[in-house]
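Undergrad: Each chain, letter by letter, is given below.
There are 2 protein chains.
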Amino acid sequence: MRETWVVGAASNRFGKMSETGREAGTRVAAEAIQASGLEPKDIGYTFVSNCFGAAERQGHVGPLVNSGLGIPDVPSCTVESACSSSSAALHEAFVHVAGGFADAALVVGMEKLSHLDTLAATSYFTLGADCAYETKNGATFPGLYATLATAYRSVYRTTPEMFGAIAIKNHANGARNPNAHFQKEISMETYLGSPMIASPLRLYDCCPFSDGAAAVVVAAKEFVKQPVTEPLVIRASARSGSIMDMQDRPDLLGLPATRTAADAAFRQAHLGRRDIDFLEVHDCFTIAEALALEDLGFLPKGAGAGAALEGITARDGRLPVNPSGGLKAKGHPVSATGAAQVVEIFEQMNGRAAGREVPRAETALAHNVGATGGSCSVHIFSRR
Amino acid sequence: MRETWVVGAASNRFGKMSETGREAGTRVAAEAIQASGLEPKDIGYTFVSNCFGAAERQGHVGPLVNSGLGIPDVPSCTVESACSSSSAALHEAFVHVAGGFADAALVVGMEKLSHLDTLAATSYFTLGADCAYETKNGATFPGLYATLATAYRSVYRTTPEMFGAIAIKNHANGARNPNAHFQKEISMETYLGSPMIASPLRLYDCCPFSDGAAAVVVAAKEFVKQPVTEPLVIRASARSGSIMDMQDRPDLLGLPATRTAADAAFRQAHLGRRDIDFLEVHDCFTIAEALALEDLGFLPKGAGAGAALEGITARDGRLPVNPSGGLKAKGHPVSATGAAQVVEIFEQMNGRAAGREVPRAETALAHNVGATGGSCSVHIFSRR
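In the order they appear, the protein sequences are chains Y and X.
Per the working numbering, the very first residue in the first sequence carries number 834; after that it's consecutive.
Per the working numbering, the very first residue in the second sequence carries number 834; after that it's consecutive.
To be clear, the hints were calculated from the coordinates, so they are not data collected in a lab.
The reader is advised that the hints may include incorrect statements.
[Said to hold, decoys possible] Just some of the chain X residues that point at chain Y, by a computed CB distance under 8 Å: (1) Q891; (2) S900; (3) G901; (4) G903; (5) D906; (6) G961; (7) V1066.
Please read all numbers here as calculations on a predicted model, not as lab measurements.
Ideal placement from N, C-alpha and C gives every residue a C-beta, glycine not left out.
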């Protein structure tokens, strides 16, 4: 297996895009390639994610992106795994490059839903849940994650302030990220006064619908030779699945796919949890960040919710989590999210995260969940 | 790179399904695994294709299929490349297994649109074309392929009977395939009397909308050791792209992606065109079969249209093409088509194609096109 690097990464500002998804995806892809010092012709395969392309009446978007980059003959496919789509695409890129099938590969994730009303956008989102047993019975993601939060609160002693602190921390980080959807700090008062969306989740427990695009260029060490940026060595690229339907799971105190993907990733990387300097985790709701810290094996069960309130997960804490602002504040353009986590790690390692740097970061982990955990990707990166 | 085999394959009868896509996909996947002699737990990765899952309000279908197979923790993703989706998924499965990332991988393609009216189904199909420059201007696939047929007829001397013979041959083969959508022979009179759909394409030049599901199990030779079926050795798995928009292509006398994918496949296989015993090609319209034979390099330019009328492509001809009945008669459940081509080759090599056998077949090629050729996959298989 060849040592495989992330050599370029770029995203646009998440929020509301005037461009179409394909335009934004093509533009950030060109920026990521330019950042890598490679040329478009070096790309051997393009993996695009665009879960809700149908909302723009466009599928089969890979050839359009490649044509825009001037490499129409390069093969492509679209990779979908709900909210973990572009990390699943990154896994394919890793396998192609590490396995010697391509010297370099491009990952592009983009999403645009802001031209739809909330009901229509919600309807697209729910494609990631089980249509027959969840969606048709009225479940949407705030409701499903509220169920996880309720289960958690029934077992562990929590306070609303614990979850509020997660949102406050991520908004504080997002306020320092020029590509974040929300670049505004919030107070505990604002959090506690925000309307209930799906009890116990308040507005500020929930990530927004965002438009956005992010791209990552992966290449073999032996192909790059003289990187123009500080590359991220991909120490692990692991994915897992689990029973999708929450009612069929043995318990709701975590996401089984995160546990199995994390264990696989740490085995692959030959690293332990203590070796990781910071995390980008999938905080579609505040409860999701709490569960991620436990399921990834960084904190004991029941300790995830309070970590932000205790300052553990602050940028200067023992275990910085979501310096980008996370899905909560950076935003969650579904198919761009997994790639955007890698963009943040790339920027941190390249001294491009001014104002939100994680001190002395040498290793980082990205954790991207599909829907309520039917799928999960865990990637571990380090400096050379 | 590890020698990689197709060790199991299965499809349902194409046409109209009462099952949902996920039910049919799960069932044929279980049948393909059973045919392989492997067990579900041997599967290391599942690649699902289901372009139009939104028509059933379901995305993120991999975890549902895996849960149905009793392997919920196995990672999965959905792979889309318009009509070449499940051959693109097969390529990922090949890369994972040949590269040593999985010992066995599952490919499942399924599609269901029969519950929609023709306009809604057409609207899903057109996701594969360029929304901004083709679809929004009213183009649909019969119109786009009619343009290719018009260009062809403007340069090469053709007769309607040449295209009729392609349809007649494929219907004759489909009549002998118990899983074909249309199991009925047609006459030249029927062909010539059928209504014009998009001049010069008549009804019998066009493949149908079909529901259907097909699955393929891929495994490393060293993992299987004692195959219970005659495995297909994957001699080449190649993909390519091209400019999607027909108005931007240098000429319309073929699909550039087929040419580049075929050249890559033959280089990879270390085989020549004369080494191939039969073909499954992407005949979404009769003109597409004619172009495929030329672009794949089996016939000179201008000779593809007349091949069926001359008997060259009959099951007992010099170059048998689409013994399954092809998309024309077997049907075209978009995301199942690429996998179904492999099912046919697997059945032919395993003596399970009674009544439509290609005599003395040792090698075969599968050719699967995305939309009007923005993408193309070419796979070459041989007996051990």
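Undergrad: Checking each numbered hint in turn, tell me which of them this model violates, lowest number first.
TA: As far as the earlier hints go, 3, 4 and 7 are violated by this structure, in ascending order.
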